[in-house]
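Chains A and B, in that order, are what the protein sequence lines are.
First residue of the first sequence: 786, per this note's numbering; consecutive thereafter.
First residue of the second sequence: 786, per this note's numbering; consecutive thereafter.
Where hints are given, some of them may not hold.
Because identical chains share one entry, a pair is satisfied inside a single copy or across any pair of copies.
[Stated by the list, open to error] No farther apart than 20 Å at their CA atoms in a straight line, the calculated lysine to any residue pairs in the SDA-like style are these:
hint	residue 1	residue 2
1	K905	G1001
2	K1103	D853
3	K1103	L854
4	K908	E1185
5	K905	P864
6	K827	D1187
7	K827	L1189
8	K1103	V1154
9	K905	K947
10	K827	E1185
11	K1006	A959
12	K990	H1099
13	K1183	R1143
14	K827	G1164
15	K905	R941
16	K791	N1133
17	K990	D1101
18	K827	T1186
19	K1103	A1055
20	K1103	I862
Keep in mind the hints are simulated off the structure, nothing from the lab.
Number of protein chains: 2
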Amino acid sequence: MSTLIKDVDVDGRATHLYIEGNRIAEIGKRREADTVLDGRGKIALPGFVNLHTHAAMTLFRGYADDLDLSTWLEARIWPAEAKLSPEDVYWGTKLACLEMIKSGTTTFNDMYFHMDEAAKAVKDMGLRAFLSEGIVDLNDPGRAAKQFRAAEETNRKIERLKTDRIRPAFGPHAIYTVSKDSLLRIRELADKEESLVHIHLSETKREVDECLAKTGMRPAKYLESIGFLGDDVIAAHGCWLDPSEIEVLARAGAKVAHCPISNMKLSAGAAMPYRALREAGVVMGLGTDGAASNNSLDMFETMKVAALLQKFAHGDPKTLPAMEAFELATRGGARALGIDAGTIRVGNLADLILVDPRRPELTPRHNDVSNWVYSAHGGVVDTTICDGVVLMRDGHVKGETDILERAGDAARDLVRRA
Amino acid sequence: MSTLIKDVDVDGRATHLYIEGNRIAEIGKRREADTVLDGRGKIALPGFVNLHTHAAMTLFRGYADDLDLSTWLEARIWPAEAKLSPEDVYWGTKLACLEMIKSGTTTFNDMYFHMDEAAKAVKDMGLRAFLSEGIVDLNDPGRAAKQFRAAEETNRKIERLKTDRIRPAFGPHAIYTVSKDSLLRIRELADKEESLVHIHLSETKREVDECLAKTGMRPAKYLESIGFLGDDVIAAHGCWLDPSEIEVLARAGAKVAHCPISNMKLSAGAAMPYRALREAGVVMGLGTDGAASNNSLDMFETMKVAALLQKFAHGDPKTLPAMEAFELATRGGARALGIDAGTIRVGNLADLILVDPRRPELTPRHNDVSNWVYSAHGGVVDTTICDGVVLMRDGHVKGETDILERAGDAARDLVRRA
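In isolation and in its complexed conformation, chain A is listed as follows (with noise of 0.2 Å):
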């Protein structure tokens, strides 16, 4: 299968891009394809990665904001979550998939429960994701052998599933919710696997503040005394990071997922430190968190988000300039996942949208970047293109009407049940 977007802007040139099968095989010369795109007008950007979300809960959007943490999550989100049922991670994770293909979004690491439905789901949006059963045994070790079955009969759902696009990962939810036993027992299967492992740290004053009354040690540092920290480790937030623990995981090779907006929302209280972060050399990408805690999995308003806490956390408005928030939002999602993404580059996965520049908020062009990360939003994208497949056009997805009333009769229901 061929692809030809032809007469597009590639890094502000007009010219010819040619897919085949799954990957960027030629940037310039005019080809024959099974597929042709008209790309007057239009601009060819990466697509977007989105290293931290828990897809399934866009159930949950709007349904408990505005509320402090503990009663957010022990008398709204939990009590909800109890009712899920594997249909509705099914319909939720499309929901999910759906507005981030109409928002740019091509690859996303994802993070709850019925992980083998939101593969389904996946399998049949088009997109490409790190899936993770998430684990929460809190410290009872025969909730955590039931957790681990679990994960294990999922992940092996996932291969069964045959697609390189969907691959499964390890989850442990968070040092206060995973025992140490099981988080050495994450690692081990990950190291034997070759998975990703997918971790919230470091998000609240609370954990830390309570893994130093346990451990003596802050968060990250626990991690890597007892072995757990390897460069297949995404750590999600990072908020309270001190220089010791960004030490600790540049040596190891972890990866950070900043989430601005879920960190605004549910008042963190501190800001990821971006800027040691990146002098000390740690691969970081952006996260929307869940649409329970954002509200919306729109990458265009994370990357300004992004930008502008770490503009004022820093006060300084030079911090994390529109190329670099750009580039958190797509190469380096894809050097953390560890795909051939993120850039338009002949060889790498054709994982690209396009946008069409002709709109009020996109004028004048005095800078691209800057319009994509101060101005731009998800309805700015006219073509999705994942694995080297078209999955929207001129703004239209397959079944978009039928997702929509599914998901949120699915989502009605789920809340009545609660």
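Following the hints, complete the assembly by docking chain B onto the known chain A.
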């Protein structure tokens, strides 16, 4: 002239909304009308009020980002502004109006130069606006005299346009750029003309420190001490207001425009003290600020970032909940400007928008207001009506392509000359 929007959702029920002239005349009955819009599946909301912007600065969108405030202003913006022609302001304001119409804003409070040209653009585009010629005398009486002549001449030209939609106001830039004598003269003129006064106040710590050093008073206190404050004053920013100043503003009945995105992008260093202002009963609204420091004029985005910043700054996710953010952006701004708008109510000005909620980011509908604030962007607006006139229908605005082209050309030329 009359318009009926039939079968539209108003406050959660399907009904008919009847507009006669420039007012909402009836809600409930299906009536004959000159124009009939099909509102099925759509939701009517009040149009947004952008309480602080510099509309024509759309020409500088993306021209000078990620710089420290003094480089931004002194090396980039001021030299370019020195080359601004009246025609530039016309096209820059037209572009801003187009962006506002498309993203659901129906009224804006603007301060800039060549405002008679801005007024022509606003008249052509159909929005409601308060326009003030920016006064910057830098303590030079000669310069002050010239600026007053220009401002009074501009305001007379605006009056001659003979439209209630556009009202001249006075725009002393700030206490550090306008002398005490000029501030007092503006107070007199505003009293005489019954015009609003639009000023930047307490945006940076430097402004506060310099005012303290010079007068022994903080900025709001200084303005009170010279008899400048009144209930006709719209003070933009207010990041560094302290409790004594909040008391002063509340006593005077002055209004405050919160501009969270600009404050974060330029690292103002503090967030407007929303809770204390609210407790003191100060009327507040939201502003995007100009496109050189935001860079979009999308009030949906500004509602979200206002809620995010206030939660983050107060360390409490219950601060500035969705409903309050929505009210700031609509009713708050309308009260600040003294117009009968900001709510959908019989007798109010027919300044309203229709939103189509059948979109992934607005699904499910657990809480519509939460969806508008935390998940929507300007692209959700389907129809915009201002002063009873339909300015956008099905996302289309008359003359759009021409405005993009002309404004784009003007912006390119302008920075080439700078």
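Against the structure, the hints come out as follows:
no. : hint          : result
1   : K905 - G1001  : neither (43 Å within a copy, 68 Å between copies)
2   : K1103 - D853  : between (32 Å within a copy, 6 Å between copies)
3   : K1103 - L854  : between (32 Å within a copy, 9 Å between copies)
4   : K908 - E1185  : within (16 Å within a copy, 39 Å between copies)
5   : K905 - P864   : neither (25 Å within a copy, 57 Å between copies)
6   : K827 - D1187  : between (29 Å within a copy, 18 Å between copies)
7   : K827 - L1189  : between (28 Å within a copy, 15 Å between copies)
8   : K1103 - V1154 : within (15 Å within a copy, 34 Å between copies)
9   : K905 - K947   : within (11 Å within a copy, 62 Å between copies)
10  : K827 - E1185  : between (23 Å within a copy, 18 Å between copies)
11  : K1006 - A959  : within (14 Å within a copy, 50 Å between copies)
12  : K990 - H1099  : both (19 Å within a copy, 15 Å between copies)
13  : K1183 - R1143 : between (25 Å within a copy, 15 Å between copies)
14  : K827 - G1164  : both (14 Å within a copy, 19 Å between copies)
15  : K905 - R941   : within (13 Å within a copy, 66 Å between copies)
16  : K791 - N1133  : within (18 Å within a copy, 51 Å between copies)
17  : K990 - D1101  : between (24 Å within a copy, 13 Å between copies)
18  : K827 - T1186  : between (26 Å within a copy, 15 Å between copies)
19  : K1103 - A1055 : both (19 Å within a copy, 17 Å between copies)
20  : K1103 - I862  : between (38 Å within a copy, 16 Å between copies)
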